[in-house]
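J.: All chains should be built: construct the whole structure from the sequences, respecting the hints.
There are 2 protein chains.
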Amino acid sequence: MNKKISWPGATQLAPVPVVLIGCSDGSRRNLCTVAWVGTVCSTPPMVSISLRKERFSHGMISGSREFTVNIPPVFLAAEVDYCGVVSGREYDKFAVCKLTPGEGETVKSPIVMECPLNLECKVRNILELGSHDLFLAEITAVRVDEHLIGPKGRLELENANLLAYAHGHYHRLGEAIGHFGFSVRRKPGSPVRR
Amino acid sequence: MNKKISWPGATQLAPVPVVLIGCSDGSRRNLCTVAWVGTVCSTPPMVSISLRKERFSHGMISGSREFTVNIPPVFLAAEVDYCGVVSGREYDKFAVCKLTPGEGETVKSPIVMECPLNLECKVRNILELGSHDLFLAEITAVRVDEHLIGPKGRLELENANLLAYAHGHYHRLGEAIGHFGFSVRRKPGSPVRR
Chain W
14 MNKKISWPGA TQLAPVPVVL IGCSDGSRRN LCTVAWVGTV CSTPPMVSIS
64 LRKERFSHGM ISGSREFTVN IPPVFLAAEV DYCGVVSGRE YDKFAVCKLT
114 PGEGETVKSP IVMECPLNLE CKVRNILELG SHDLFLAEIT AVRVDEHLIG
164 PKGRLELENA NLLAYAHGHY HRLGEAIGHF GFSVRRKPGS PVRR
Chain D
14 MNKKISWPGA TQLAPVPVVL IGCSDGSRRN LCTVAWVGTV CSTPPMVSIS
64 LRKERFSHGM ISGSREFTVN IPPVFLAAEV DYCGVVSGRE YDKFAVCKLT
114 PGEGETVKSP IVMECPLNLE CKVRNILELG SHDLFLAEIT AVRVDEHLIG
164 PKGRLELENA NLLAYAHGHY HRLGEAIGHF GFSVRRKPGS PVRR
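Going down the list, the protein sequences come from chains W and D. Per this note's numbering, the first sequence starts with residue 14, numbered consecutively. Per this note's numbering, the second sequence starts with residue 14, numbered consecutively.
Don't read these hints as lab results, they were simulated from the structure. Since the structure is predicted, the reported quantities are computational estimates derived from the model, not experimental observations. Careful: at least some of the hints might be erroneous.
For chains that are exact copies, the list does not tell them apart, and a pair is met inside one copy or across any two.
Stated by the list, open to error - Quick list of in silico lysine-lysine cross-link-like pairs, DSBU-like style, CA-CA up to 30 Å: (1) Lys135 with Lys66; (2) Lys16 with Lys165; (3) Lys121 with Lys165; (4) Lys66 with Lys165; (5) Lys111 with Lys66.
T.: In structure tokens, the structure reads:
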């Protein structure tokens with residue numbers, strides 16, 4: 014059996030999503046990159062994002078109580094990285110990155126048109142956890158690129174070429190190994206296969 | 014520019030982690046698979062998991078107020094799937110999946126020895142969101158396989174062969190495209206490259 018050791022770094026969950034958060038204070042818009050994002054509820058559909066109070070977007074989102082989650086494809090890896098390193102106080106990141114702001118259907122925050130999947134979100138609760146505040150938000154609309162809808166009306170997200178983040182590195186998503194339920198659907202009575 | 018359409022399904026964030034949650038009520042142990050898990054704070058280090066009240070693990074974790082997050086490698090995809098489909102009320106999933114429970118350093122919940130990375134967590138807050146309750150927990154210890162520590166003491170998580178989950182499918186993690194900061198480190202003044 015593998016020998017275990019204790020490791021001092023604690024926030025080691027991986028891989029995680031890495032997304033562009035769109036926000037606005039009415040006069041200025043901003044983008045910031047967040048890897049601490051997750052789905053937290055189905056009904057109502059909700060996501061959470063964690064932000065340090067010092068981030069420019071923290072103030073915008075606390076004020077507007079809304080944001081967009083823009084899920085980037087692999088070809089935007091450099092833009093995603095840049096939006097996580099540079100502050101929107103100094104740069105209009107949409108302009109620097111040549112990204113196209115789109116109008117939300119249910120929020121005033123911009124969506125990123127180059128991202129194949131966009132979630133529009135309204136903040137329901139903000140919790141102070143320590144270094145980060147947790148924004149719990151309801152998903153009020155989902156926008157997808159039309160070309161991702163297959164002939165039978167299925168969302169073909171496997172064609173979106175999404176980006177993952179693990180331990181400080183951006184990754185392509187690799188080969189699919191199985192679908193939800195694959196371990197039990199084929200051979201009842203012998204459910205676990207390697 | 015891509016044409017956008019509205020999509021009715023809302024919980025579309027992807028890729029997301031997919032982990033085995035270990036828990037115990039003192040006499041019985043259980044494992045359950047969760048994809049709605051995320052890092053939520055650095056200081057203190059915290060994760061969140063979302064669970065439906067109906068799940069067997071929900072009661073155990075509400076009672077013990079602790080759990081482990083076990084991050085699986087690709088070769089455990091079928092076991093991960095199985096632990097998300099079958100209830101621990103009926104099966105001892107450690108036994109059925111031939112997984113080895115290990116002792117926590119800071120919690121009584123079992124860790125999964127076959128997973129290269131294990132987070133020990135103590136619940137600080139439980140929020141009812143709707144279909145799911147959100148468990149906010151502090152990471153009190155991190156355990157890693159010794160063979161993942163490189164010659165210079167770096168955690169080489171890229172050798173852990175971790176699993177990702179996207180839109181109903183388990184995936185390998187693909188090629189690394191860049192590291193955090195890669196968009197600005199090489200060429201100041203021309204920060205965004207594709």
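J.: So, for every hint listed, does it hold in this structure?
T.: Hints versus structure:
1. Lys135 with Lys66: both (19 Å within a copy, 24 Å between copies)
2. Lys16 with Lys165: between (49 Å within a copy, 18 Å between copies)
3. Lys121 with Lys165: neither (32 Å within a copy, 49 Å between copies)
4. Lys66 with Lys165: Neither: 45 Å inside a copy, 34 Å across copies.
5. Lys111 with Lys66: Classified as within: same-chain Cα gap 27 Å, cross-chain 45 Å, threshold 30 Å.
Checked against the numbered hints given earlier, the structure breaks hints 3 and 4 and satisfies all the rest.
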